[in-house]
Each structure stands twice: as C-alpha cells, then as structure tokens.
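Work out the full structure: start from the sequences and follow the hints.
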Amino acid sequence: LGAANRDEAQFADGDTFDPARFRDDPGRQFTAAGRILPFGAGMHYCAGSQLVRVEMRRGLNALMDRVDHAEFAYGTPETVGFLLRSPASVEVVLSPAG
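Letter by letter, the sequence shown follows residues 11 to 108 in our numbering.
Please note that the accuracy of each hint is not assured.
Cβ-Cβ distance ranges computed for the label pairs, FRET-style [stated by the list, open to error]:
id : residue 1 : residue 2 : range
1  : C56       : P106      : 31 to 37 angstroms
2  : P106      : S59       : 29 to 35 angstroms
3  : V103      : D17       : 30 to 36 angstroms
4  : P106      : F21       : 31 to 37 angstroms
5  : V64       : D17       : 27 to 33 angstroms
Hints listed in this document are in silico derivations from the structure and should not be mistaken for laboratory results.
Quick reminder that beta carbons are idealized off the backbone N, C-alpha and C, glycines included.
Written as structure tokens, this is what we have:
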C-alpha cells in the first residue's frame, strides 16, 4: 500500500505532488482495469467511493465559488508516512472571490 500510485514504470516522479497527473482520464480508477486503485477493485471495491466523489465535487465547488485563488502558505508541504503518505498539515491562503 505504501507504494500505491508511485510505481516509476507507470508514473514519472511519483513522489512529487501533481494535481494534474490524472487530468487526462480522471475516471479510470473506478474500473477494475484501472491503472490506479485509490478505492480498490473487484471484490475489494469501496462501496462508498461514489458517495465520496459526489461529496468532494460538491464541497470543492462550494468552496471554489467563494474563492478566487488558493495557494500553499509555505510552499508545497512535505509528504510523510509509509502506508498513507500525506502531509502532516496543509496550510493554505485563500483569496476571496470578487
């Protein structure tokens, strides 16, 4: 699990945060043939994954309706951890929409 989505044969520079990495085909993780498996596949497929997609889309859309610009407060945060690699915290600066 610690190496998930970080296979250098599949992803160039897997340790670098790149929000546009999957922009070309964002739905591919929701099929059993997907190259990335954030929610698992087959019998291990997360039953709540579709709800998460809806909640994230609605929540981010509501936030971005109120924000003109968002950026990291202190540069890109360092990822930590072995199984679930993520920043310990993420501080952002939000500029309100006009």
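Consistency of the hints with the structure:
no.	hint	in the structure
1	C56 to P106: 31 to 37 angstroms	35 angstroms, holds
2	P106 to S59: 29 to 35 angstroms	32 angstroms, holds
3	V103 to D17: 30 to 36 angstroms	33 angstroms, holds
4	P106 to F21: 31 to 37 angstroms	35 angstroms, holds
5	V64 to D17: 27 to 33 angstroms	29 angstroms, holds
Hint check: no violations occur; every hint is consistent with the structure.
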